[in-house]
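*Asks:* Going down the list, the sequences are from chains S and A.
Number 77 in the working numbering belongs to position 77 of the first sequence; there are no gaps in the numbering.
Number 167 in the working numbering belongs to position 167 of the second sequence; there are no gaps in the numbering.
Since the hints were made in silico from the structure, they are not lab data.
Hints may contain errors.
When the alpha-carbon atoms are kept at most 27 Å apart in a straight line, the in silico DSS-like pairs for lysine-lysine are as follows [claimed, not checked]:
#: 1; chain 1: S; residue 1: K32; chain 2: A; residue 2: K56
#: 2; chain 1: S; residue 1: K61; chain 2: A; residue 2: K45
#: 3; chain 1: S; residue 1: K20; chain 2: A; residue 2: K46
#: 4; chain 1: S; residue 1: K13; chain 2: S; residue 2: K32
#: 5; chain 1: S; residue 1: K31; chain 2: S; residue 2: K16
#: 6; chain 1: A; residue 1: K46; chain 2: S; residue 2: K39
#: 7; chain 1: A; residue 1: K46; chain 2: S; residue 2: K32
Quantities reported herein were computed from a predicted structural model and do not represent experimental measurements.
Residue-level listing of the chains:
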Amino acid sequence: MAILAQSRVCPFKEDKDLIKQIDYKQYKFLKKFITDQGKIIPSHVTGVSAKYQRLIAAEIKKARILALLPFAVDPRYS
Amino acid sequence: MNNYEIVYIIHPALQEGRLIDIKSKIHEKITSFKGKVLYDDSWGKKKLAYAIDKQKYGTYLFCQFLLEGKDVQAINTDCELNSNILRHLITRIDSSQILDEKDKKEVKKETNKKEASIEVVKEKEEVSEVVEEEKEEVSEVVEEEEEVSEVVEEEKEEVSEEVEEVDDTIDSENDNKETQEENSEEK
Numbered sequence: 001m002a003i004l005a006q007s008r009v010c011p012f013k014e015d016k017d018l019i020k021q022i023d024y025k026q027y028k029f030l031k032k033f034i035t036d037q038g039k040i041i042p043s044h045v046t047g048v049s050a051k052y053q054r055l056i057a058a059e060i061k062k063a064r065i066l067a068l069l070p071f072a073v074d075p076r077y078s
Numbered sequence: 001m002n003n004y005e006i007v008y009i010i011h012p013a014l015q016e017g018r019l020i021d022i023k024s025k026i027h028e029k030i031t032s033f034k035g036k037v038l039y040d041d042s043w044g045k046k047k048l049a050y051a052i053d054k055q056k057y058g059t060y061l062f063c064q065f066l067l068e069g070k071d072v073q074a075i076n077t078d079c080e081l082n083s084n085i086l087r088h089l090i091t092r093i094d095s096s097q098i099l100d101e102k103d104k105k106e107v108k109k110e111t112n113k114k115e116a117s118i119e120v121v122k123e124k125e126e127v128s129e130v131v132e133e134e135k136e137e138v139s140e141v142v143e144e145e146e147e148v149s150e151v152v153e154e155e156k157e158e159v160s161e162e163v164e165e166v167d168d169t170i171d172s173e174n175d176n177k178e179t180q181e182e183n184s185e186e187k
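Full structure from sequences and hints, please.
*Replies:* Okay, here's the thing in C-alpha cells:
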C-alpha cells in the first residue's frame, strides 16, 4: 500500500480551483470521496493530502446531517 | 456581527403558500435582531439520502445572513420547534463565501468542467487497484497450499503463474500437480 500512496499526487495540489468545491452544498463532488456503502474513503487510497482530507471529512459529515449524502447504505436494499 | 448560512428541509406535503410563510417567518426573525438577509435561494424538492420522519422527499431552502453571534441560538430554537422543518443546519461562513445572484448559474458550469478532470484521476486509481487484486489472488493460492511441503509449494507457485498466462494448458498442468503431490507423499 505504501508504494501506491507514493505514486499518487494530491488532486487538490495539482488543481487549486478544486479546493473551492470542498463544500457540503456541492455534495455531488463529495460523492467521489465516499464508497458505495457511504463510508469516507481513507486518504491513503485516494492520495488526498491530510490538510484537505480533514476538510473533506468535515463537509461530508455536514452533508450527511442534511440527508444530501447517506450515513450508510445497505447494498441488500438499495 | 458574523456571516451565517442556514439550510432547512421543509415537509414535502406543504404547498408553496405555506413554504413562503415559513421562509418569511425566519427572515422576519433575522431582521428583528437587527440582522440582514444577504442571499436567498430555493434548491427545490429533492429525494433524501435517508428517510426523516418517514418522509423520503423534502424541499430545501437556503439563506445567507448577517447576525450577532448571541442571537443565532434564537433562530436555531425556532427551527427546532417548528414541526414542518424536518432538518436544519446553521454554519458560520467567511465574507468571501457569500453568493450573489450571478453565482447561481456560474457554479453549475464550473462543476461540469472539474468533474471531468477528477474522473481521469479516478481511472488511474482503478488501474492500480486491479494490479493489487491480481497480487492478492496469487497469495491466496499460496496460502491454500501451506499444508504441502515447502519444495512442492515453490513448484506450484511457478505452475499457478503459468496458469494465468496460458488458459488452454490448465488441464495438463493440473495433471502435473497431482503427480507432484504423489511424489511428495512417497518421500
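*Asks:* Against each hint, give a clear statement of whether it holds in the structure.
*Replies:* Taking the hints in turn, this is what the structure says about them:
{"no.": "1", "hint": "S/K32 / A/K56", "verdict": "23 Å, holds"}
{"no.": "2", "hint": "S/K61 / A/K45", "verdict": "21 Å, holds"}
{"no.": "3", "hint": "S/K20 / A/K46", "verdict": "24 Å, holds"}
{"no.": "4", "hint": "S/K13 / S/K32", "verdict": "17 Å, holds"}
{"no.": "5", "hint": "S/K31 / S/K16", "verdict": "19 Å, holds"}
{"no.": "6", "hint": "A/K46 / S/K39", "verdict": "22 Å, holds"}
{"no.": "7", "hint": "A/K46 / S/K32", "verdict": "20 Å, holds"}
Comparing the model with each numbered hint stated earlier shows that all of them hold.
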